[in-house]
Amino acid sequence: MAPAGRRPPVRKSGSGKTKQPAVDPVSLQGLEEAPAPEDAGTFEGLRFDGVSFDGADLQGSTFLECEFSAVTMTDTALRGARFLECRSSGLYAPVFRAPRSTFRDVVLEGSRLGSAELYDNGWNSVHVDGGKLDYVNLRNSKLTDVLFTGCTIEELDLDGVHATRTAFRDCRIGALSLTGAVLQDVDLRSTELRSITYLAGLHGATIDDGQLMMLAPLLAANIGLRVEG
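Residue numbers (our numbering): 1 to 229.
Read the hints as simulated data drawn from the structure, not as lab findings. Just so it is clear, CB atoms sit at the ideal spot from N, CA and C, and this is done for glycine as well. Among these hints, one or two may not hold up.
Straight line, CA to CA, 25 Å or less: simulated DSS-like cross-link-like pairs of lysine-lysine [said to hold, decoys possible]: (1) Lys142 x Lys19; (2) Lys132 x Lys142; (3) Lys17 x Lys132.
Cβ pair distances, simulated, as ranges [to be verified]: (4) Val182 x Asp129: 23 to 33 Å; (5) Ser52 x Tyr198: 37 to 47 Å; (6) Arg194 x Thr74: 26 to 36 Å; (7) Asp209 x Glu32: 46 to 56 Å; (8) Glu32 x Asp134: 44 to 54 Å; (9) Gly130 x Leu31: 18 to 28 Å; (10) Arg172 x Gln20: 16 to 26 Å; (11) Asp209 x Gly60: 39 to 49 Å; (12) Gly229 x Asp129: 39 to 49 Å; (13) Ser190 x Gly114: 21 to 31 Å; (14) Gly150 x Gly60: 26 to 36 Å; (15) Gly224 x Gly180: 21 to 31 Å; (16) Asp54 x Asn222: 40 to 50 Å; (17) Ala216 x Glu38: 49 to 59 Å.
Taking the hints into account, I'd like the entire structure generated from these sequences.
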């Protein structure tokens, strides 16, 4: 009990520091140059440089310790694929289809994606660095230890996502949807957010003072608060 005449200390909600993603570095050595595969399978220790995966049916394939450099994957069927300890740079795909897939210990650098169908994914220790992505559908995915840096994403659909220790640093997100999302230690500081669907989905996220000011009109409208000068 606090001494007479003194108020008990006040504990601020959410006073603990936001936990940052633990993303493991991907080091690939001794890779073998390879053409783009024509059929699904398991591929290990390969380097795909400047090749086209366009239109290939690689559903259920596993890529282990592989590197993708300046490859194209337009309409490549990658449902249920597994990317484990892989690195990609300069990936180009107007339509990227990899629903129900697994990404673990993966680095994606400088990707240019139009529509990325990545719903029902499992991401663990993934770094998305740079690039421009028009529409990213990660609905109902599970994200653990995921880092986005320097990305421009026009529309990011995180409806139904479970995200833990996920950070967006120096990114630009045009439209963010969070209906039914469950967030824990999700860091949005230093990222430009233009619009958000379902503000309650921000529970568990960390924002900075500038973002709070930007969100003030949306928060007021959400609770029916009238603001008059």
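Go through the numbered hints given earlier and state which of them the structure violates, listing their numbers in rising order.
-> 3, 8
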